[in-house]
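K.L.:
From just these sequences and the hints, can you work out the full model?
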Amino acid sequence: MSRHRIPGRGRVDAGRPVQFTFDGRSYDGLQGDTLASALLSHGVHLMGRSFKYHRPRGPVTAGSEEPNALVGTSRGPGRTEPNTRATVQELRHGLVAESQNRWPTLSFDAGAVNDALSPLFSAGFYYKTFMWPRNFWDKVYEPVIRRAAGLGRAPTEEDPDIYASRYAHTDVLVVGAGPSGIAAALAAARAGASVTLADEGTEIGGSLLSDPGVEIDGSPAWDWLEDRAAELRDLGVTLLTRTTAIGYYHQNFLGLVERLTDHLDEIPHGAPRERMWRLRAARVVLAQGALERPLVFDGNDRPGVMLAGAAQTYLNRYGVAVGERAVVVTSHDSAYYAAFDLADAGIAVPAIIDTRAEIRPDLASEARLRAIEVLSGHTVTATSGRLCVASVTANPVTGGEVGEGRQLRCDCLLVSGGWTPSLHLFSHTKASLSWDAEAGTFLPDRSLEDLHLAGAGRGLWGYAASLSDGAEAGAAAAHALGHAAQATGLLVARDRIGTGITHGQLPTHRAPSRVRAFVDYQNDVTAKDIKLAVSEGMRSIEHVKRYTTTGMATDQGKLSNLNALAIAADALGTTPPQVGLTTFRPPYTPTTFATFAGYHRGAAFEVTRRTPIDGWAEENGAVWEPVGQWRRARHFPQGDEDMDAAVDRECRAVRAGVGIFDASTLGKIDVTGPDAATFMNRMYTNAWTKLAPGRCRYGLLLGEDGYVRDDGVVGRMAEDRFHVTTTTGGAARVLTMMEDYLQTEWPDLDVWLTSTTEHWAVVALNGPRARDVLAPLVEGLDISGEAFPMMSVAECTVAGFPARLFRLSFTGELGYEINVPARHGRALWEALMAAGADHGITPYGTEAMHVLRAEKGFIIVGQDTDGTVTPEDLGLGWTIGKTKEDFVGMRSLSRPDLVARGRKQFVGLLTADGAVRLEEGAQIVDDPDQPLPMRMIGHVTSSYNSAALGRSIALAVVENGRERMGETVHIPMPEGNVEATIAPGVFYDPDGGRAKL
Amino acid sequence: MLLIHCPYCDETLPEMEFAYAGEAHVARPVDPSRTTDEEWRDHLFVRSNTRGPHAERWRHVHGCARFFNAVRDTVTDRVLATYPAGSPRPDLPGKDTP
Ligand SMILES: [Zn+2]
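Quick mapping for you: the protein sequence lines, in order, are chains R and Z. Just so we're on the same page, our numbering is the position in the first sequence counted from 1, plus 160. Just so we're on the same page, our numbering is the position in the second sequence counted from 1, plus 712.
Calculated directly from the structure, the hints in this document are not laboratory data. There could be a bad hint or two in this list.
[Said to hold, decoys possible] 20 Å max Cα-Cα, derived SDA-like pairs, lysine to any residue: (1) Lys1016/R to Ala1108/R; (2) Lys1044/R to Thr748/Z; (3) Lys590/R to Leu715/Z; (4) Lys1042/R to Asp743/Z; (5) Lys1044/R to Leu715/Z; (6) Lys1016/R to Leu1070/R; (7) Lys1042/R to Ser745/Z; (8) Lys1044/R to Asp865/R; (9) Lys1044/R to Ser745/Z; (10) Lys1016/R to Arg812/R; (11) Lys1044/R to Asp743/Z; (12) Lys1044/R to Arg812/R; (13) Lys1042/R to Glu768/Z; (14) Lys1016/R to Thr1071/R.
P.N.:
Shown next, in the form of structure tokens:
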């Protein structure tokens, strides 16, 4: 039995020892321990170093609000976790824990030099220090600060665990399984509601687990809990322990994280580590209880200084004495019960220092009974001790004057500054709070959600009050859902009622500069920092918070916010509500990233769309590129070709012979109906009325603002049917836009829109020998140049498959696009490959496609356009139907800015040195020697090596570019200036003869 | 996650089935060519940016795919009513927002 374990106490299993290591040293604890309770059972208080000053720190709490005792845990590769709170980490066999933020060792930490330099690290330190000089930031501050700061180390290996995700509905969700939560769940379930009861702890009971002396309905608290747990099960209540409600979202939608395996000695095969519940509840009962508030005085952060309630929990729940000689300092009655429990367990409790002048008589006499001296009307002005507290100095306060101090020897100091209702989830709902001046805390006011609050979470104190309040909340929730519900009263004996007052900083007679009174333990914010922030002009708590970083640590200020607020209010001479309360935001406690991701990771992170020809490309060595959600073959390297070589070869093959390309990702929309032509006229810039069935046309789609949104070839299949193609990435957007106009602006038009993107597989054949390859496979159509000229479309059979055959060209060569039902895509591709074998048919990827179209000056929407480009800017004015009265975006084309001179126009660029390839996105200037910042006149939109031209080519937008053909511009780059000449955008076959063969 | 009632499906469904589509009752002029530059600018870009009940368009994109209108309080983020596209904005009892 370890030195500080008290036999017969606690809910730990004395018969089941558990081995673990902390900082490489082996310890034993008991089944049911947390890491913190197990270490404390060996007298280990020192568990970490603080963030900024590297001060030695021990646990101050026994719960999830713990700011100090953060450790790294590990159970093998990828299974490391930084900043685990030792106070909630359940002990498991073989647990490996390491302290953080210290070097070389926890007890001797070189970084503690920061503590001696603390005047340099005062509030606003970051703002003041890092303003100047600039290069000091890069070279000195940042590297040094980065090394010294930070909490824990992020894991470097991929997390091998599974994280589950589940949606659920419930009539009543009760958050918190303390006495009021249990009472609420019982009342609602007994009335017939479906109930989910969630608690972050390992078992139900909440504060009752630390108060075994209380009797409810004649049963000792723990017996009553056991009976209620059984009853909850019998009633079918879904009981979620180890489950934290992390966020409360709209309309009673809550996120809950259930921890499933961290407490287990062995992880069952395939078991998820955590599960995210996304739960919608008809009614919510918040019974989260209250958090004990520390007191702010000099030296209040030494290991061994701990909240009184935490010491009570370690004693009663874990059977651990947190010291051998405990002094208590309090402003609330609750700490007396902790003191009594410790004294009754044989721990020396020489004194209770109470900041209040008046002590409740029954508490005073109970203290006397145990020979505990009560120092009423006292303050604390100092503590001593290096790695653990050794004494505390108590001083009387009379008429606001702090008198002579008296040093009391101790090895632990139990502190209570009152209790703060946990209103985090309530606040997530954008609810309002009200300030209770008497209690010195905020209480819940109004929320729009269908919720109830119960117990200490709304400022009540004592078991009888909490139990009946919980029962009433549960009954009210069930009643709201149409159940006849009753709140039954409970008899509580040996209740522990109490009241208290709250403070900002405790009064002291010492010089302010010599006082280190911590408010936010984790971020090392002192009372002095907060007063400094106020004196430097911060008036709102939101500013004080950002200036001092108080409340910004991983505990989100659960212990510190109200003390910080009280100190700021005191300094401003006003009340806390005047200074404001910072907003609580999800998650309630730190949450594993992987739990948010759930199953959406790796290959399942998002869908990968594959064309029917994807499998062939994969088998033939395609290098992929993502285009939206699609994966497309970028090029097909042969041998040891790099991308440039492969693309070069693919481009030459298309220009000289025939290339084959998978164009299945093209967006396709079927526009059908008596008003189809009218609809097309209104949507696209082009005139469609006179386009005959069997013909197709390049269509341009604008936004109502006149800027180009999408383009694509549109074939008229029949009087009342158009086969519209869109860009790969724009398909869904275009359909949405069409639907929007059709449904909401022109509901009178008789038109149907159908997405056919995945209905058709599309294979493009391009090159002077395309017809030679295709013709033998076509049935039912004469595809000779005369019978089936450029921009024709027809239905026929290709390789035995029903097809829509387009003659068009996105490469400048003779070209066809063969659409067949998707299921025939791969067979068509293979038939064409076989038919083209004698012609040297060459598969090409998206990169060659880009080069070939750029040689022809064809735009890619989204690459050469950026949402601020008009048809005229692109030189595509010819697409606009001149006699049209209206189409989407037409009115905007005469907006003053869109017709003004000086717009950037789409042109070609040729670098002076053809071996130099420009960078896409590079900025263009007229004079490279002008002072910074230079005036930019455009930018490069596309840039490639052109095999056909034997040099680099680029496309760009340049101010008044079309008037400036042959002029020189400059592209300043980090490696030096690049000179280029403005050229027409069509680099290859400007007359377009090759496509018309 | 909001719950939104689709007036066409007549079901209340989670927000993830829907897509927001901007302010409602901004009708495209019948003949845009007859609008002044200022009128057209206002049509394109000027929106009410309401604090409180705001009429706006939503689309049941992962359901019936239809556009409809909603009145949503921009302070409380509560959908107060939904109604079919083309219908007038309903009169709602003058509820103050907190
Ligand atoms: Zn619907």
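K.L.:
Would you list, in rising numerical order, the hints stated earlier that this structure does not obey?
P.N.:
Going through the list in order, the structure violates hints 5, 12 and 13 and respects the others.
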